[in-house]
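Protein chains in written order, with the numbering used here: chain F, 1 to 314; chain X, 1 to 314.
Keep in mind the hints are simulated off the structure, nothing from the lab. Certain hints may be false.
The list treats identical chains as interchangeable, and a pair is accepted whether it falls inside one copy or across any two copies.
[What the hints assert, rightly or not] Subject to a maximum C-alpha distance of 20 Å in a straight line, what follows is the list of computed SDA-like cross-link-like pairs (lysine to any residue):
(1) Lys216 <-> Ser260
(2) Lys121 <-> Arg81
(3) Lys109 <-> Asp80
(4) Lys44 <-> Leu148
(5) Lys121 <-> Pro85
(6) Lys272 <-> Ile226
(7) Lys89 <-> Thr102
(8) Lys109 <-> Gly84
(9) Lys212 <-> Ser86
(10) Lys121 <-> Asp77
(11) Lys2 <-> Gln27
(12) Lys121 <-> Ser86
(13) Lys44 <-> Leu105
(14) Lys121 <-> Asp80
(15) Lys121 <-> Gly84
(16) Lys109 <-> Leu82
(17) Lys272 <-> Glu301
(18) Lys121 <-> Leu82
(19) Lys109 <-> Asn42
None of the values given here were measured: they were computed from a predicted structure.
Listed below are the residues making up each chain.
2 protein chains.
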Amino acid sequence: MKVVALAGGVGGAKLVAGLAKILPEDQLFIVVNTGDDFDYLNLKISPDLDTICYTLAGLANPETGWGQRDETWVTYDTVDRLGGPSWFKLGDRDLGTHLIRTQMLRQGKRLSEITRDFCQKWGVIHPVYPMSDDPIRTIVHTQTGEALGFQEYFVHQACQPAVKSFEFKGFETAKPIPAVLDGIRDADIIIFAPSNPWVSIDPILSVAGYRKEISKKPVLAISPIIGGKAVKGPAAKMYAELGFNPTAATIANHYQDLLSGFVLDNIDYLEKQKIERWRIIAFETNILMQDEQDRIRLAEEVIRFGEMILNRSY
Amino acid sequence: MKVVALAGGVGGAKLVAGLAKILPEDQLFIVVNTGDDFDYLNLKISPDLDTICYTLAGLANPETGWGQRDETWVTYDTVDRLGGPSWFKLGDRDLGTHLIRTQMLRQGKRLSEITRDFCQKWGVIHPVYPMSDDPIRTIVHTQTGEALGFQEYFVHQACQPAVKSFEFKGFETAKPIPAVLDGIRDADIIIFAPSNPWVSIDPILSVAGYRKEISKKPVLAISPIIGGKAVKGPAAKMYAELGFNPTAATIANHYQDLLSGFVLDNIDYLEKQKIERWRIIAFETNILMQDEQDRIRLAEEVIRFGEMILNRSY
Chain F
1 MKVVALAGGV
11 GGAKLVAGLA
21 KILPEDQLFI
31 VVNTGDDFDY
41 LNLKISPDLD
51 TICYTLAGLA
61 NPETGWGQRD
71 ETWVTYDTVD
81 RLGGPSWFKL
91 GDRDLGTHLI
101 RTQMLRQGKR
111 LSEITRDFCQ
121 KWGVIHPVYP
131 MSDDPIRTIV
141 HTQTGEALGF
151 QEYFVHQACQ
161 PAVKSFEFKG
171 FETAKPIPAV
181 LDGIRDADII
191 IFAPSNPWVS
201 IDPILSVAGY
211 RKEISKKPVL
221 AISPIIGGKA
231 VKGPAAKMYA
241 ELGFNPTAAT
251 IANHYQDLLS
261 GFVLDNIDYL
271 EKQKIERWRI
281 IAFETNILMQ
291 DEQDRIRLAE
301 EVIRFGEMIL
311 NRSY
Chain X
1 MKVVALAGGV
11 GGAKLVAGLA
21 KILPEDQLFI
31 VVNTGDDFDY
41 LNLKISPDLD
51 TICYTLAGLA
61 NPETGWGQRD
71 ETWVTYDTVD
81 RLGGPSWFKL
91 GDRDLGTHLI
101 RTQMLRQGKR
111 LSEITRDFCQ
121 KWGVIHPVYP
131 MSDDPIRTIV
141 HTQTGEALGF
151 QEYFVHQACQ
161 PAVKSFEFKG
171 FETAKPIPAV
181 LDGIRDADII
191 IFAPSNPWVS
201 IDPILSVAGY
211 RKEISKKPVL
221 AISPIIGGKA
231 VKGPAAKMYA
241 ELGFNPTAAT
251 IANHYQDLLS
261 GFVLDNIDYL
271 EKQKIERWRI
281 IAFETNILMQ
291 DEQDRIRLAE
301 EVIRFGEMIL
311 NRSY
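Full structure from sequences and hints, please.
Structure representation (structure tokens):
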């Protein structure tokens, strides 16, 4: 069974890492949100791509989910002491990634090429692609009328401003990556990892052609919300601010017309009936991934659920 | 007595640090070569400025003379592992300086402002100025017809190519810094630190107006060559390749029309007579600076020598 997984950062990375443990490299193709990418200290930073790749490479910091393990902060502290910006924490190891990516981008290399090159050096065998080689930037419009770059909202302002809407700046002109289109066309099933729908999965779906190709395939999504709370990040807060009840069913409804299956937590079993009314097959299990065993177990359950959906579909 | 010191990197920094120990901040004004500045990993690097400032701040690495003490190399190693350039060693602490300088330059700040800001944060009380806020780049033309940026020649190719000539690219259009011109006009004496004449002092003298103002003042130079050898760097090798005998007298001759006094090592006492024939007062002492005591002792001797020259001049 060939799988294409769409993912954002930490939550998505956990499931993708589980899938990578059980699927060979020709059966798992990973497409990552780059709407969070930004410039900081004149460096080109791709937070979700790095989180996914570091996690797959076994380099990720297990405490934070982002950044590298055994990280040091010498440059960060020096920058801070010189009065530089310090709201985005860049570790010394992590910084090496950004310096080289920035240099390669300035030399005219594509983000997808650079990511492939890094993955090779890090021993990541599964294909990992940015959603586009062209910039698409997630802008958070707040209820007070501000327009914030995603990291400005997410890290600098710690998700404090109430959101009004989202904009994916540049999506109209950003080109899809041919290999990603091929990957989707070639897939048996598409998996939306347990990432934020508004700012992780929707930006990917905004790229010309992806949504259309994905809509031809069975899609299953894993809820990033458990018991009305986001496992990590502002998804629940965003839904509440936008006037939705932040539940698993709300997530399923978000993707409604695309979904064949939806995986939610046992705790949310009461939502199941509602979701199935939308002709989405719901599957409940323990979806909280606290360690590697959880990731592999959930990945196995998701794949079995996918197989069941495929057998029903055809 | 008001002193303006012109300096390049390591050798110049040692004397300047000695002078800074014995002269208050309104009696020592330091002008630094920026012909070695270059872009590396998209960072704006000013090797001589940093060496001078780190040395004055007590942050310099005592082993190398360049870079910071207690340095770590985490980012450097990561860059190396990702296949990035590794010929120029950037420590984690040092990198903080370059990141902030690069950001401030891109924001439109002048190198002299940035240097003043850094000095304030580092506790450097004496004024330290780059020779210009505009780029002047020292190009080494080799005997095989290559044109190498200075760091490419100096670090990457380890001074191996034989030199034919030097070019200070951009000097025709680079503007002098008004504060430097004022400093020179205001000075009682100008000191050329024991730096490479070709690639440390000459670039400074190439800036419009400096040479003219300096020529109105008593100037004394300290030899960077002892017993036919450069204490550090390629000065002796350059002279030999250009067809000169690399001696203290050759250095004095290099600056001939500007010099009132010249400080050479005891070992080179035989050169003294030759130098004085050019109407330059020569003073011999131990000019090798191996520790802080040496720096202070030499600085004191240089200042006393300067006072003697001033008394003779007027």
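Here's how the hints hold up against the structure:
Taking the shortest Cα distances, Lys216 and Ser260 sit within 20 Å of each other inside one copy (11 Å), while across copies they are farther apart (86 Å). Taking the shortest alpha-carbon separations for Lys121 and Arg81, only the inter-copy value of 8 Å comes in at or below 20 Å, while the best intra-copy value is 33 Å. Only between protomers do Lys109 and Asp80 lie at most 20 Å apart by alpha-carbon distance; the minimum there is 18 Å, versus 31 Å within a single protomer. For a Cα distance limit of 20 Å, the shortest separation of Lys44 from Leu148 inside one copy, 18 Å, qualifies, whereas the shortest one across copies, 29 Å, does not.
For a Cα distance limit of 20 Å, the shortest separation of Lys121 from Pro85 across copies, 15 Å, qualifies, whereas the shortest one inside one copy, 30 Å, does not. Proximity of Lys272 and Ile226 under a CA criterion of 20 Å is satisfied intra-copy only: 13 Å inside one chain copy versus 86 Å between copies. When the C-alpha separation of Lys89 and Thr102 is checked against a cutoff of 20 Å, the pair qualifies both within a copy, at 17 Å, and between copies, at 18 Å. Taking CA atoms no more than 20 Å apart as the test, Lys109 paired with Gly84 passes between copies only; the shortest distance there is 14 Å, against 28 Å inside one copy.
Proximity of Lys212 to Ser86 under the C-alpha cut-off of 20 Å is found in neither arrangement, the shortest distances being 41 Å within a copy and 45 Å between copies. Taking CA atoms no more than 20 Å apart as the test, Lys121 paired with Asp77 passes between copies only; the shortest distance there is 13 Å, against 28 Å inside one copy. In this homomeric assembly, Lys2 and Gln27 come within 20 Å of each other (Cα to Cα) only inside a single copy, at 4 Å, whereas the closest approach across copies is 75 Å. Taking identical chains as interchangeable, the C-alpha atoms of Lys121 and Ser86 lie at most 20 Å apart only when they sit on different chains, with a minimum of 16 Å there against 29 Å within one chain.
In the homo-oligomer, the alpha carbons of Lys44 and Leu105 lie at most 20 Å apart both inside one protomer (8 Å) and across protomers (17 Å), since each shortest distance falls under that limit. Taking CA atoms no more than 20 Å apart as the test, Lys121 paired with Asp80 passes between copies only; the shortest distance there is 11 Å, against 31 Å inside one copy. Taking the shortest alpha-carbon separations for Lys121 and Gly84, only the inter-copy value of 12 Å comes in at or below 20 Å, while the best intra-copy value is 31 Å. In the homo-oligomer, the alpha carbons of Lys109 and Leu82 lie at most 20 Å apart only across protomers (15 Å), although the nearest pairing inside one protomer, at 32 Å, exceeds that limit.
In this homomeric assembly, Lys272 and Glu301 come within 20 Å of each other (Cα to Cα) only inside a single copy, at 17 Å, whereas the closest approach across copies is 89 Å. For the homomeric pair Lys121 and Leu82, the shortest alpha-carbon distance between copies (7 Å) is at most 20 Å, but the shortest distance inside one copy (33 Å) is not. For the homomeric pair Lys109 and Asn42, the shortest alpha-carbon distances inside one copy (17 Å) and between copies (15 Å) are both at most 20 Å.
Hint compliance for this structure: hint 9 alone is broken.
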